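Undergrad: Here's the letter readout for the chains.
Protein chains: 2
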Amino acid sequence: MAKLRTGNLDFDNEEVFPQLSLDCVIFGFHAGSLKVLLLKWKSREYWSLPGGWIRQMEDIDDAAIRILQERTGLDHIFLRQFYTFGKTERYDSQELSDKLSYIIDPRAWFDRTISIGYYALVDYAAVFPNPDEFTDECRWWDLEEVPELLFDHYDILKKALHSLRLELSYQPVGYNLLPEKFTMPEMMRMYEAILGRKIDPRNFQKKILHSGIVTKLDEVKRGVAHKSPYLYSFDRKKYQEVLEDGGLFII
Amino acid sequence: MAKLRTGNLDFDNEEVFPQLSLDCVIFGFHAGSLKVLLLKWKSREYWSLPGGWIRQMEDIDDAAIRILQERTGLDHIFLRQFYTFGKTERYDSQELSDKLSYIIDPRAWFDRTISIGYYALVDYAAVFPNPDEFTDECRWWDLEEVPELLFDHYDILKKALHSLRLELSYQPVGYNLLPEKFTMPEMMRMYEAILGRKIDPRNFQKKILHSGIVTKLDEVKRGVAHKSPYLYSFDRKKYQEVLEDGGLFII
DNA sequence: AGATCATTGTGTAAATTGGACATATTGAAT
DNA sequence: ATTCAATATGTCCAATTTACACAATGATCT
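Residue numbers (the numbering used here), protein chains in the order written: chain A, 32 to 282; chain B, 32 to 282.
Simulated from the structure, these hints should not be mistaken for laboratory data.
Note that the structure is a prediction, hence the values are computed from the model and not measured.
Beta carbons: idealized from backbone N, C-alpha and C, even for Gly.
Hints should not be assumed to be uniformly reliable.
Where chain B lies over chain A, by a calculated footprint (3+ residues, C-beta under 8 angstroms) [what the hints assert, rightly or not]:
{"#": "1", "region": "46 to 52"}
{"#": "2", "region": "116 to 130"}
{"#": "3", "region": "142 to 155"}
Capping the alpha-carbon separation at 16 angstroms, the derived lysine to aspartate or glutamate pairs in EDC-like fashion look like this [to be verified]:
{"#": "4", "chain 1": "B", "residue 1": "118", "chain 2": "A", "residue 2": "90"}
{"#": "5", "chain 1": "A", "residue 1": "118", "chain 2": "B", "residue 2": "92"}
{"#": "6", "chain 1": "A", "residue 1": "258", "chain 2": "A", "residue 2": "223"}
From the derived model, a few chain A residues whose C-beta atoms are all more than 12 angstroms from chain B [as the list claims (entries may be wrong)]:
{"#": "7", "residue": "72"}
{"#": "8", "residue": "200"}
{"#": "9", "residue": "220"}
Could you put together the complete structure from these sequences and hints?
TA: Here it is as structure tokens:
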């Protein structure tokens, strides 16, 4: 029979789950591209996803919210749990220890860990990237240009993107990726960035307007070269309705 | 800073992850209804989902395969990880300890656990239900009649069904729920059972045949009252293709 | 001031897909 | 031979999706 560790209900406030971590793939949208927020380890050129540990006294969703808050300064963000990564060989702990010695205590990372993946969609412009205790830089990377990542974080990123695309295919998404007011081409480029393919602007506009999730404002965006585009904003009530319908919403 | 437990690479073969479990929702299909496999605790009238612990030296997918194998005798089954349950108040450990004392060592269950959920689709007729060390009965329940479940297993079951329906809506499913040869009405009733609604037989047949995932055999099912229905079998190659397309496949 | 130019804004027609719908056939049971 | 309950099957209409091109705008450049 498998051995079970016996328990103790009174935890130190910050005591965390052993061998269980949480990784966040934070997506933003800027200049027509999908971006992802990455951390650079202290005095190294190694990058990884923001992550952390789950406290004994905290829901895992709250742990994800806390970690996101710490890295981006944002509250009330769109967050989805998408997969739990638990292969025995998720990463080579020897290699990791070589790369990160002097930053972390390698013994603390020798145990195999299982990691719960969350992805978030945030308003790029509202984020204040903030490194954690192990890292000295936190910044956005274009999805097309992400550097090599530590651990199995590249796999996690791929799976997050796949899950996001799937979600996009049956639900409206983007409430959290765009600013309060946005133009139709901006919204379209967001969809293009997520889906990784071109969309016909006429068909896109027709579909989005018909769904009712956005409202055209009596206002155009000034100061851009070329023709001034109209501004739109999300109709929060309708958006919520469509979400709850589970209404298939495929672009 | 959060405390980390330090590690040890050499594990006893059966040593498991602390505070992390795995629960399986095993779906079968029989007599026109979707069934789920449940376990009854020794000398109690309490039921729960089959589950278990994850070994230190095993992939979580392999742990799910092992647990399924132990409960059903089956290999090579359709298996999907669908969600990880990690609320602090997933269940009341005092209540649990009252209900299950003398069966389990309550100390072993006092720790809050996080549970990874998998669902499986299996061929009902091929299963040999087999209780585990804590239970004395393992049997199929009709989805409409499941008894009250321990822990948060009812929530897990609901979420599994929801995930299955979602998957059914963009992928062909059922390779593992039907026998080698099956009739069109059987397949249709399987879809109806999963989706929980009636389907038009003409439209269903049109759609399934057009997708190419099944092949009509030169054979009818004999010995049934009324008109003998034709037999079909899955075209494994085409089925795989459609799966890999991610081809939307909505009934 | 006028020309340039990249970007926005917009409609229609064809093709495809989805949904509704009813009746003849079969073969076991009586 | 009749009954009966389940199987097998095709058409039409509606809705949705896709393909496709050009005029309008307004900042920028000369």
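Undergrad: Hint by hint, where does the structure go against what was stated? Just the numbers, ascending.
TA: 6, 8
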